[in-house]
Amino acid sequence: MRKAPYIALAVVGCAALTLVAVLGAFASPNTLSRVRALGEFILYNTFNVFSKRWWAGSPEAVTAVLWDYRGLDTIFETTVLYAAVAGCVVLGYTSLLKRGGGRDEAGRGLTVVVKAATKILFALILITSVNIALHGYITPGGGFAGGSTFAIAPLLVIAAYSTEKVVRMGFRFLSSAVVRSAGLLALALVVLSPLIYYGFVLQNQLKPNSGFPGYPAFLGSLFLGGSLLYLNFAEFLVVGMEYVLVFLAFHFIDKLMGGEGSG
Amino acid sequence: MINAVVDQVLLYVGMALVTVGAVYDLIAGIGMVRFPNFFVRLHAATIGAVGGAALPLVGIALIALASDQLGPYRFGVCAVCLLTAAAILITAPTGSHILAYAAYKTHASPRKPCVYDALRKFLEEGEGG
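Quick note, the sequences are listed as chains A and B, same order. Everything in the first sequence is counted per numbering that gives the first Met the number 0, starting at 0 for the first residue and increasing by one. Everything in the second sequence is counted per numbering that gives the first Met the number 0, starting at 0 for the first residue and increasing by one.
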């Protein structure tokens with residue numbers, strides 16, 4: 000009988016999924032055509048070099064929607080994550096102060112096999128994450144995905160060695176917080192600087208009724224992706240460092256509570 | 000002429016590797032069901048990862064090299080496949096190693112049909128647990 004809640008949850012979940020599928024199948028043709036019109040607009044305009052009136056200057060339509068057509072949504076998401084992590088940082092920092100320093104003997108960690116594999120994967124993950132973030136306006140990816148990938152690297156080190164090892168590698172609590180805030184400031188700078196030229200907030204390319212000429216979309220024959228490149232990189236810093244901060248904060252809280260504390 | 004022959008050879012070798020990978024996956028699936036305890040099942044799972052995922056990726060890399068219709072992108076596909084295969088070859092054995100180590104140390108799984116336990120002797124002699 001203890002499985003009853005899970006079974007009920009599964010039944011409700013299946014029912015909800017079926018409902019969504021049925022609603023999608025029997026939606027009025029009117030709604031569907033409007034949805035398709037929006038999709039057609041985005042596909043037609045995102046990288047239309049011949050008609051640049053509403054274009055985003057990026058061949059990757061998803062990133063263009065996230066940072067250009069629906070950019071405010073992403074800004075609010077970043078802000079919500081920032082605020083949520085801020086609470087975590089406060090808890091972790093007070094624990095760090097009460098403990099005094101927060102650097103003591105390193106744990107023994109896992110076996111030599113895991114440590115060797117972690118060394119290789121650490122470098123691979125860092126390269127991949129920067130690649131995902133910087134190529135976010137050409138290929139699938141972007142700042143959030145890149146930052147989440149970046150956070151896996153210190154997490155692996157925490158699992159294979161200890162959290163002290165991560166701190167000794169340079170992921171300090173305060174410097175991570177500073178980098179994250181610098182990323183958010185860079186984000187705000189890129190978002191707000193079109194206002195100086197009487198443009199729009201979050202403006203990427205030249206738009207009608209705007210004095211802002213737009214961020215450069217090409218460097219010779221290279222794509223630059225307008226503001227998407229800078230926004231992606233700033234978001235990469237913010238999200239990556241936020242995850243690192245959460246891991247470190249949990250570690251310090253755990254140590255204050257008298258737990259094992261080595262990840 | 001020689002290019003076409005090389006392409007054909009690459010294509011057939013690649014398809015053979017993918018087929019062998021499917022056989023490995025089948026063997027791994029049978030092993031997962033039939034093997035008696037966690038540690039031996041881990042062996043079956045790693046067969047599925049190395050033989051059933053890394054090997055077909057090498058095969059797909061060869062098939063991509065032979066697919067002229069992809070143009071210059073075939074080198075990109077080939078490189079990504081080989082890199083992924085290398086990543087699997089690093090992570091899958093490490094993962095199964097540490098899973099077995101953790102299960103052994105925490106007694107999370109019965110060591111019931113045990114033929115030879117080298118780790119116990121090592122732990123008793125070396126560092127005492």
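By construction, these hints were calculated from the structure, which means they are not laboratory data. Just so you know, these numbers come straight off a predicted model, no measurement behind them. Glycine is no exception: its CB is placed at the ideal position from the N, C-alpha and C atoms. Hints should not be assumed to be uniformly reliable.
In the SDA-like style, the derived pairs of lysine to any residue whose C-alpha atoms are separated by at most 25 Å in a straight line are [to be verified]:
id, chain 1, residue 1, chain 2, residue 2
1, A, 51, A, 72
2, A, 114, B, 98
3, A, 114, B, 123
Derived, one-sided and incomplete: chain B residues facing chain A with beta-carbon distance under 8 Å [to be verified]:
id, residue
4, 37
5, 41
6, 45
7, 89
8, 95
9, 96
10, 99
Taking CB as the label site, the calculated pair distances span [to be verified]:
id, chain 1, residue 1, chain 2, residue 2, range
11, B, 72, A, 9, 41 to 49 Å
12, A, 35, B, 90, 39 to 47 Å
13, A, 9, B, 15, 39 to 47 Å
14, B, 29, A, 43, 48 to 56 Å
15, A, 215, B, 19, 44 to 52 Å
16, B, 124, A, 13, 51 to 59 Å
17, B, 72, A, 60, 15 to 23 Å
18, A, 215, B, 107, 21 to 29 Å
Now the hints, each set against the structure:
With a C-alpha separation of about 23 Å, the suggested pair residue 51/A and residue 72/A falls inside the 25 Å cut-off, and the hint holds. A distance of roughly 14 Å separates the Cα atoms of residue 114/A and residue 98/B; the hinted pair therefore holds under the 25 Å criterion. For the suggested pair residue 114/A and residue 123/B, the alpha carbons sit about 23 Å apart, so the restraint of at most 25 Å is met. About 18 Å separates the beta-carbon of residue 37/B from the nearest beta-carbon of chain A, more than 8 Å, and the hint is not met.
The interface hint given for residue 41/B is broken, as the beta carbon of that residue sits about 14 Å from the closest beta carbon of chain A, more than 8 Å. Given hint, residue 45/B at the interface with chain A, is violated; its Cβ is 13 Å from that chain's nearest Cβ, farther than 8 Å. At a threshold of 8 Å, the smallest CB-CB gap from residue 89/B to chain A is about 6 Å, leaving the interface hint in force. Violation of the interface hint for residue 95/B is found here, the shortest Cβ-Cβ separation to chain A being roughly 10 Å, above the 8 Å cut-off.
Proximity of residue 96/B to chain A holds as hinted, the smallest CB-CB distance being about 5 Å (cut-off 8 Å). Annotation: interface hint on residue 99/B violated; nearest CB of chain A at approximately 10 Å, more than 8 Å. Distance hint for residue 72/B and residue 9/A: a CB-CB separation of about 43 Å, consistent with the stated range 41 to 49 Å. Hint check: residue 35/A to residue 90/B, Cβ distance near 41 Å, so the stated range 39 to 47 Å holds.
A hinted range of 39 to 47 Å for the beta carbons of residue 9/A and residue 15/B is consistent with their spacing of about 42 Å. For the hinted restraint 48 to 56 Å between residue 29/B and residue 43/A, the CB-CB distance of approximately 52 Å keeps it satisfied. Taking 44 to 52 Å as the suggested C-beta distance range, the pair residue 215/A and residue 19/B conforms, at roughly 50 Å. Between residue 124/B and residue 13/A the C-beta distance comes to about 55 Å, which sits within the given range of 51 to 59 Å.
For the pair residue 72/B and residue 60/A, the beta carbons lie near 19 Å from each other, so the given range of 15 to 23 Å is met. The hinted window of 21 to 29 Å between residue 215/A and residue 107/B is violated, with their beta carbons roughly 57 Å apart.
The structure shown violates the earlier hints numbered 4, 5, 6, 8, 10 and 18.
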